[in-house]
Structure formats: structure tokens, C-alpha cells
Amino acid sequence: MSAQAKPQDKANQKYETVIGLEVHAQMRTETKIFCGCRVEFGAAPNTLTCPVSTGMPGVLPVLHRKALEFSIRTGLAMDCKIAPFSRFARKNYFYPDLPKGYQISQYELPICEHGHIDIEVEGATKRIGITRIHMEDDAGKNIHDPSGVSLVDLNRTGTPLMEIVSEPDMRTPEEAGAYMRKIRTIVRYLGVSDGNMEQGSLRCDANISIRPVGQVEFGTKVELKNINSFRFVERAIAYEIKRQTSVIERGGEIVQETRLYDTDRNITVSMRAKEEAHDYRYFPDPDLVPMVVDPKWIEEIRAGLPELPDVKRKRYLNDLEISEDAAAFISEERATAEWFEAAVDKGGEPKSVANWMMGELTRRLNDDKLSFANCPVIPIKLVELINDIDSGKINARQGKTVFNSLYDRCKSMIEESPVKPSPADGSLAFIGKVEPVTSRATSSVIREELGIKQSTDTGTIEKAVQEVLDKNPDEVERFRGGDQKLMGFFVGQVMKATRGEVDAKTVNEMIKKKLG
Amino acid sequence: MQLYELTIKQAIELLKKGETSPKELLEALLSRIEAIDSKVKAFVTVTADEARAQLGNKTDGALSGIPLGIKDNMCTKGVRTTCSSRMLENFVPPYESTATQKLWDAGAVLLGKLNMDEFAMGSSTEHSAFFRTCNPWDLKRVTGGSSGGSAAAVASDMCLGALGSDTGGSIRQPAAFCSVVGLKPTYGRVSRFGLVAFASSLDQIGPITKTVEDSAILLNAICGHDPQDSTSAPEDMAGTPDFTKQIGRDIKGLRVGVPKEYFIEGLDAEVEKINRDAIKQLEALGAELVEVSLPHTDYAVPVYYIIAPSEASSNLARYDGVKYGFRAEGASDLMDMYMKSRSEGFGAEVKRRIMLGTYALSSGYYDAYYLKAQQVRTLIKKDFHDAFKHVDVIASPTTPEAAFLAGEKTSDPIKMYLSDIFTISANLAGNPGISLPCGFTKNGLPVGLQLIGKHFDEATVLKAAHAYEQSTDWHTRKPAL
Ligand SMILES: [Zn+2]
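Chains as they are written, first to last, in the working numbering: chain Y, 1 to 516; chain H, 517 to 997.
So here's chain H without its partners, still in its complex pose:
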């Protein structure tokens, strides 16, 4: 086994036993990046020098010497943070995001910044202003998005784990497409300070890892209350418990809800079969399957595409060419500078969403769109609340189909938007959700199983996911590169 193939858990043990050194581990990963990232194109920036300098900063932390990749929308002090946008191509933050700071405080090492859809808007990582990241399982196919760089880098062993961010499925969908584990924690579990905002009421940082146990290890490191983020939950909710403690417990008697609204037309037959088998496997492990209803599921995508662009239209107003980031040349006056800078600095998908959101918030339309969407969001939350009176977790496919071909959906935004149909609801409701490998199509494309939990009950989600994972070998399969 190569050092770069290690899971975080394995690496921690080897380092502890002194069977490898942080330096050896880091160099193995840097060589791996050198060897294959020209094919996968996961990294926007590789921070080899910074990583070498970081080694030994903290030798007794929970993650000492563990090299990790970070999605390029989390601010890293002194390291370019681009959001894969021309607008921030040369932006170097003078501050560190809370989630990444917690990783470095635990001794982890920054390998580099990972590609994404521009400002996290997209489901394929084709909307990066720089390049598209390729799916390690089939380079012609997309990685999913927007955390495509993070999922691809973990799947191809270029980092031991990574952080992504999930606004409507941006961790879970690429995790499913790349056969890795992606966890979107409960809204408020992980600080958003330093995460470049897309849709503030939906964004949440989470780990993308090779195994469920690694997911628990990283979540332990990054969770907790942050006085710099008013929406982060109090410490007694956000900072507990130790998630690794749930790993390895059995799931006898666990009530698993199967939402009838998620097994619908439009769900690929092969993907449905693989997911149904996975859910049966949970039953075989002692879980009790319960059919549940999430009646407002149909409204999730439209509600999301009003709320997220509305917040985005305001969050992205600061990129105006005045203070930092891209400023167009040759503007004749202030208005012209605004228009040129924003026209040239943002890509098409970002502009589309800014316009959608601006429209939805405009006077005369606010009540019909934004306000109505918020009301329906409340109903979607209630759906989950009601369902969780009867079950402990909800199981569903992560995506309606496996990874699609690059270019297949770029001309049809609605088709692209529907690829998040099963993941969006958890963001709207704030619940935690995980995607984990549950099989492959005949074409050898990964399929993901999604487990959604109660608010702040990642422990149960991780316990169920781990039990399933350990009863299969999907997570041990590697793409041929």
C-alpha cells in the first residue's frame, strides 16, 4: 500500500507508531499530485512550500501531520482564495476561516486549494473559471459540484481528506459521483466565518473523506461554536459529542425512513436498484425500514432556486471592482466600472443566479417569490420534523443518476439544477446529511446512498453510515488512473 492511499485513521496510527513521518507522508502526496493532477485537475493552487513549513507546527494534535485539501472558497491567510472565479483570481485573504484554523490548530497541513464551480454555483465543477475537474472514474465525466475538486482529489488519493461546502448538495453530490464519503453537517454545527458566502442560510462546511470514520474525525476537529459567526449554534449543541465514539456500534432497531417521494420518475433505474439494495442491506444489519412521507419534496428545487440566488445576489454585491479583486480596465465612470467589472469578472452561471435573485427580491415581486419561498421552506422543515417523529434517519439516493458527461447539461440549467433534487431539502431544513459509496453502475460509475439525520444528530447518521460501509467493500475500490 502506498502512503497516499492511507485513510486519515490509518495515517494517524502509522505516524503514532513512528512507521512513517509527517514529512514522508507529505512528500508522498505531493508526488501523487505531481503524477496525476494533470489528468484530474483538482487543484487550483498546490501549497507545497506552505505545507512543508507547516510540518511540525503542532506535533501532538489530533491531526498532526495529516495533509488535507481545502475547497477554494474557504479563506486561507496568505494563500490565494479564488472561489474559482476571475473576480478573486488574485485575492489573498489576510485572515483564516475558522474551520480551517481548527484543522491547523489540530496539526493538519494544507496541501492546496481545490477547484469548484465558480462561487459554489453549480453541480458539475464545469463552471470553474479556470478549468473543469475530471471524474477520476471516467475522465470524460463530471465530478459533480460544486465541491468537485475536493471529491476528485480524495477519490484519486491526492489528499487524505478535504473540506467542501454544501449549499444544495455541493458536498454530497460530488461525493456520490466520485465514490467518497461527503458529510453536510447540521446548519450551525461548523462556523461559516471565512467561508466565502454563496447563500448564507444554506451554506455549511463539511468533510469529504475516504471513509465514514475519517468523516467523524474531521467533523470532530472543525465543529463548535464560533463567536465570529452569529448563526453558529451554542457550544453545547455544536461542539459535542465525540463522533468517533459512535463508530462501530451496531444499528439493531434503528428506524430508517424511506421517503416515498424520493423514488420517483426521473430516478435512473440502475441507480434506484443500487439504492434499494443498499437500504435492504441496512435492514439486514438490523435496522427497521419505515415508509415516510415528505409531502413538499416537489417544491424543494423551486424554493431553493429562489432563496439561494436571492441571498447570492446580495452576498456577491461586494465584488464591485472598488476594493479588491477584479476591476475592468477603461471604464468611463463609476456605473461603467461596476457594469464592466461585474460583466467581465463573473461567469455566466453566477450572473444568471445574481439576476434571478435580484428579480426575486425586487419590490412588487418579493411577496410572490422570496416570501412565498420562505413560507414553503417552513413547510419543508416541518415535513422533516414530522418524519423524524417516527424514524432515526432517512435513507435515499444522493443523486437521481450517476456522473454525467462533461458538457451534457451546461446548456440546460434546469436539467443541471435537478441533479440536486434529493440533496436540496436537507439544506432548506438545516438537517445533516451524508453520502457514502453504495455501488457502481454497469459502466463502472459510482452511486451514492444518502442518509439524513435529525438536527445535531450527526452521531446517528455516522453510526448508520459506518455500519453499512463496513458490511460492503465499495469504499475500498479505487479508480484506475
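Pulled out of the complex, with its shape left as it was, chain Y reads as follows:
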């Protein structure tokens, strides 16, 4: 133990934190879970409503089969048991954004139970249990006007949600963050949610308690409500651990309560005590018949599952031998993985493709706020470029220039075309869409146009090398005296003199030979 350890670090060695998360994922269905209203973010208030979603007298809910399918798909991806018999329950409470006076949720018979996912923290893999996944309908939104008037927007009312409840298996804020990110990755892979935390399509509540190391019983738990960013998950939990530890250290007791995370002050504040907790009076919803899921349908859904990120990552490591970082980066998003796999399919050398993707390509995409789901350059074009470099037609530095021109050219060709990226595309669909539009932009066309080629004429190279050595006698002296770092300087000077049109490796070898 270091003498400089901060007080909470010391305390944390006395106490163990127990964390369980309830993640609400908005499903990516076109319509609401119990009616035909469209699901859309950012529409004018109360335009996406109907008598069902506004809870008018006499209307009835009808389950959207897609929501059930998405829940089952998620459950299968998380190794859950799919309930052969499942049903909806009403969760009763009054709030202006809840037009029916109850939420339709699931209580004692959820659609999925007993699953798990694996997370990676500090190089180690940890398995986190999934207690259950159930379906429910979202509430609307209250808007408090500065004039003192409160307004209700029911556009979000009835949006299908999945609540994914974990076992209390996490022990650190980092594990909770990694879990949250993994949930996001999986639901995005499955196409069941866009996992967008900013727009509220992924929200989480955290249950946190601490206990002396070695104690088997859980401590009193505190629930943190409505955390809406990955950063806040870790921060809110870290604060809460600190707070609970200090209460116990001072001889106090943890009160079972619900707290809210205040993002501005980075603290948690009490929302309601256990005594004030709602009695939701759950009971089976008599308007919806129990769901009896056909095992054949479950198998169909299972057969349609995509290869999941963990499997991909391992395959990239073992079969394609790319680095751990690259495998993690590429497998995190399905679109990235598909783009990568398409490039490798076209004959791209996996390590080079990965390097380009993580480097120059990601830099350009980030600048343009794009992703691999709508990348202007399609995989085959990068593969051709990589081949041009490997075959010595151009050098790596020229490659960058060609790549950037290629990217710009493809981007403007797409902008001028009628092709528009749609959120439903996914990378493969987008590649298919833009392929004909950008067919005239290729590595070879750009090389020709820019007149970029690599000189292989050893005479020219030798002449340039000799000139550089002649101009820098001091450096030559120091190099001979053992200052190997100067090699970079000589190569740089030669490249400059030849405007980069020669192969750095050849230059390197020639200098070595001359000074050796």
C-alpha cells in the first residue's frame, strides 16, 4: 500500500461495492408497442399520438409482434431462457406523462430470464448475470414552461422499451461502465435499439450497496435513477461509493432510498425514502392475453442472430492475427466489423486494413461526423490503395495523399448524387448504394491525376542520397560516431529533395551502405 493512497482508496480496501444495473433500451420499431403511431425522435409535440397512446376511454392495447421478437432476439443473444408463457402486468401510479394511469410492463412472468454477458475490464473477462429482460411501454414527457405552466408531450408515450436487469455482479464503476457499453454494443449489433444515450434510447438505474470485504450479506442498497450517459454511470456510482463509505466510516447507517444524480454538481441527492416508495399495485393486464411463444419461432429468431461482438473479436485475434486493440475497435460496432470483413474479403491484408481503419479513415469520419455505417469510401477502394503501396507503386506517405483525395472525391460524388444515407442502412446496405455512384474514383485514377508515382530508378535515388550526405558533413560524422537516430534525419532530407516520390526503405538501405 502506498503512503500517498487517498482516503477513499484506503476505505475501498475495507469495503466491497455491489452494483446491479437496470438498463432501459428503447426498441427500434417503426411503430409504438401497443398502437400504430410512428416512433420518431424530435417531432413536434403531441403529433405522434392516437386515442390508444393518449389513454382515451375505451381503447385497448394490441401488442406489436416486432417488440416481442426484438426482446426474444436480445434474450437469445444474452443466453437467456425464453419463457414459453409470459404476460403483461399493469404498474399503477399517477403522473401527468402517464395518460393511462398505469404503465404496461411485465412483472412475475417476464419474456426472458437467467442469461449473462461477458465484459472486459483491464484485460480480464468477467461474466455478469442477466436476471431478466422484460417489455414495457414508455411514458411521455413533462415540460415545465418558464411561465409556470406545465405541458405534457405524449409523442414518446407507448414507445417500446426493454428493461434489462443485471444480477448484482459488478464491483467497480469501471465494470458498470463496461457493462453498459457492452449492452449498447449488443443491442446495436442485433438492430433492436439504436443505443443512443443522448436521445434517451438507453437509460439506466443503478442499485449500489457496500459491505465489509468478506461479508456475504449485501449492504443496504440505494437506487440511482435515470442515468443517461456512459460517463455519468461511472461518475455517479463513484460518487455514491464515496458517500456510502464515508457514512459508514462515520458510524452512520445507509438509508434505503432512491437518489438522483446531479450532473452539474457531480453528486447524488435523495429523491425519496423507502417509506415514500410507490406501491405500484402490479396485477396481470386483463386487456392483453398471455403470450405463448412457439419454440419453432424462437429457433427461427436464433438462426437469424448475427455473429456477436465477442465471437468476432476472438476470431479476429486468432484467425486474422490483428492486435487486441484493433480487434476490440473493429468488433465494437457491427457496421465497423462489416466494413472490415468486406475489405478482408476483397483481399485486403487484415493488419493493414485495421491500421487504416483505426488511423486515417476514422480521423476523416470523425471530422465529418460520419461512421463506418455511412463511410464514403467503400472497402474495395482502400484495398486497392493498400495493394498499390504493398506493390511499391506508391510509398506509404504518398498513400496518405492519395487516400485523402480519394475520400474527398467519393464524399463529393455521394453528395452530388441522389443517394442519402438512412439510419436503417447498416454498412453493407450503404456500400451497395454508393458503389455505382463512386465507381470512377479509384486509387489508380487519383494517382494518375495527381501524377503521384514512386521512383524506382536507383540512379536518381543514389544521386539524391549523395547530395544530402555531402551537404551535411557534421551529421555524417556524428552518425559514424554512433548516433543512429540521425538516420531519420537523412531519410527525411532525401524524401524532401525528391518530393517524396522515392521509396523510404530503399533510401534507408542506401544510406546504411554508404555510411556503413
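Since the hints were derived computationally from the structure, they do not count as laboratory data.
Think of the CB as a built atom: it goes at the ideal place given N, C-alpha and C, for glycine as much as any other residue.
Treat the hints with caution; some may be incorrect.
Among the chain Y residues that face chain H by a calculated CB cut under 10 Å, a handful are [said to hold, decoys possible]: (1) C50; (2) P57; (3) V59; (4) F94; (5) P99; (6) G101; (7) S150; (8) L154.
With chain Y fixed as given, assemble chain H with the ligand onto it according to the hints.
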């Protein structure tokens, strides 16, 4: 015979022959309403203009030109739907309930919306927030409820037929009190979409008519699967057969079960005698009487008064003053607005049931009340299932007594609740049941016979009811108004 006295069947024939016109028929009924509804008080809203506008919309439908009344808990697009509650006094739905839409699609015409116990909670139509409907046979007496307006309007010839809804006897009990035919179909036979929910697992829409044949005609029109109601049965169960086809067939060899638990203490002696005579009449028509047992009958009322209020407490949560309906003035904050709006907007009986249901669902009480009640409900279902292994229909009195005096039971809810003692079980079990006129007490008050059938076997119920009806003249008697 006056045009307003026609049965639906007779009116259809006259219209077909061109002996009267839809316009003539409609005006006759509107005049009849004008003349006597001030005494009976069956209508919350009379839709004369809408009815006139509806005429001729569809001239070749099964019900073209037939003016009907609708209980005021079925949503009618553009026409105020109040549930006889202050809470919805000015509520105009922007959608039509499936059952009524089917009537208009068949060419029927909406005469008006009929009074009821507030949110269908009651057995006398005294719990309407607006006024009490009077029994046409004795205006001092109640019509029964909650579909009292529908039964009274049909009994007094203010409409050719009506729709009611039945959660624990709300069609059959007022039909018995008013000497008309009331049919509660099998749960799932008629869509509940647009029916303002009281107790979702029990509510069912059904016809109230002057004759059994009319009942079959209206059931034909309103039944069938509705994709907007998950609890409506598939079309091959809900939409078949043609019920009028059973009308007129004989009942030789029909096995009629007589449940010993229904002829009990508390059953009025005169009503018992009239019902026993009616059952003997079935035997005389060729039916075979079989004594059956429904051993859990005693639990039906308590089970009902846990399940129905529980569902109601949740169904009525939406009336919170936020979006539509009544909102109290002068609330200081959100909680205050909820409390004031619901205190002022709901009547005493509705509040009583909301509180009962809220209590039964509360954590710590759920297992002892709601869950237990559901378990007993399963036993009651099984009682019927077992009995129907031996019989085709079950016959019993519809009510333990004839229509009581207004005000007689309003101060004693339990007494009021017991008036549904024979009808509640069919709702809990989901079976179809009909009440039809089977005689009058010495005081001239109507008495009803109830026939309960197997699930989705309304055909047999209607066949037996029709055979009985045609062998008597009770259905032809009219109240003096
Ligand atoms: Zn909708």
C-alpha cells in the same frame, strides 16, 4: 299497431315490403321518445339530427333503417359519451366503438345514448350522475342496472332494440326487471374496443331486445373478431354461426341443468315459483331436466367484488383531470388537482369501488385478496365446465327478486350487490347468458328466466329461449304508460 311497437324482425320485413319507410319509422320513435321519456328518463342524449343524417347511408344492410339506442359507455364518434358520470359529462370521442360501428355498417341508425349506473357500477341505474331511470312497469321502482336505460327504453318502445354491457349482470338483471330479452354473449364474442372499461376481464357488450329472435339478429351484427381487441376470440369462434338459423328449432331432448345452489334462501318465493313454472314449461316442450351442482356459487359475489373493483381501480386511473374530462377548479398543485378532480368528478359508488380495488391490489394484501379471488374464479369456471359435461344449458332465475323500490338499497351496498347473485358467475366463467320474460308477480312486476350456455354456444341458448318465448305470451305484454 304503432310503428314504435315493432320488433326489429317485423320492422325489417315492413321496410322490405315498402309498407313503411326508414324515415317514417325514425320519426315515430322520436315522437315516442318525445312523448314518454320525460316519465321513463332512459336517454342521456337523443341524437335526432344525427339519426336523420344517418338514414340512407346504407340501404341494403341487414339492419338498414333500424333505430337503436346505445348504452352511454360505448364510444360514438362525435357524439357525447358520458358513462353517466360528471367526469365524462362533456366527453366527445374521436372514434367509434367496434360493436356500434358494426351496427352502422349494417345500416342501423343511432337514436341516442342511454342512461346507466355511473361507469356501469350498480344494479339500479340510481347511480347515474344525471338522473335515475324509472321502471316502465312501475315508475317508483328501479330498472335494474347498470344497463337500466337500455332495458327501459326497449320495454317502453322508445327504440326497437339497444346495446347494453354486462360485467356482473348489467344486461340480464335490468332485462328481467323490465320484461325484455337481454343477452350477455361469451367473453370474447363481441369486441370491447370503444367500450369504456369497467372490469376488462368481465365486461361484454350484448343486445337488449323485445324478442329472442331480435337478440339473435343483433348478435349476428355485432359479433366477430376485432384486431383492435386482443381478448376478442378468433373469427372462426367469435364470428359464427348465423344465430337466426337456430330460431324456431325444437328443443326435444335438450338437457337443461337446474343448479341446486340457485334455489336458495333469499330467493323470493313468488319469483321462485314463477321460475320453477318456466323450467317446467321447458320440460313440457321436450327438454330433459337434470339437477346440477355449481358448488362454488357462494363465492361468486365476494370474488366478483374483489376482481371487478381491482380492475376498475386501474381502468379508472386515467380520469385524472390532465387530458380530457372533468378537472376541478382551484387546485393548488398537481396532487391537489388529482384529489379534487377525482373527488368531485366521481360519484360515491365509483369511489367506493376504486377504494376497494386499490386496497385489494396493495402490496401485502394482493395474495390474500386478488390472487385468492383469481384462484376461486378458476374453481367457479371449473364448476360450469363440469356441469356442462351433463347438460346443454343451465336454467335459473335471473334475479332473486323483482324490481325493488327506488332508494330501497342505496344505503346498503351489500344488499344491492346481492341482486346480481345469479348473474355474476357467468361473467366470472365467461359463459353466455340470456334473461327473458317468464311471468309477472301479483304486483305486476316482471320476472326473468336466465339460461346459461357453454362457451361460444349462444346458438343453443337462443334456441331454448326462443322455444320458451314462443310457447308463452309474456313478451307481448306492454307496460301502461
Ligand atoms: Zn397510437
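Hints versus structure:
A hinted interface residue such as C50/Y counts as satisfied when its beta carbon comes closer than 10 Å to some beta carbon of chain H; here the least separation is about 9 Å, so the hint holds. Nearest Cβ of chain H to the Cβ of P57/Y: about 4 Å, under the 10 Å cut. The hint holds. Hint status for V59/Y relative to chain H: holds, with the closest Cβ pair at about 7 Å, below 10 Å. Because the beta carbon of F94/Y sits about 6 Å from the nearest beta carbon in chain H, less than 10 Å, this interface hint is met.
The restraint placing P99/Y at the interface with chain H holds, with a minimum CB-CB distance near 6 Å, inside the 10 Å limit. At a threshold of 10 Å, the smallest CB-CB gap from G101/Y to chain H is about 2 Å, leaving the interface hint in force. A hinted interface residue such as S150/Y counts as satisfied when its beta carbon comes closer than 10 Å to some beta carbon of chain H; here the least separation is about 8 Å, so the hint holds. Hint status for L154/Y: holds, given a least beta-carbon distance of 8 Å to chain H, under 10 Å.
Hint compliance for this structure: every hint is met.
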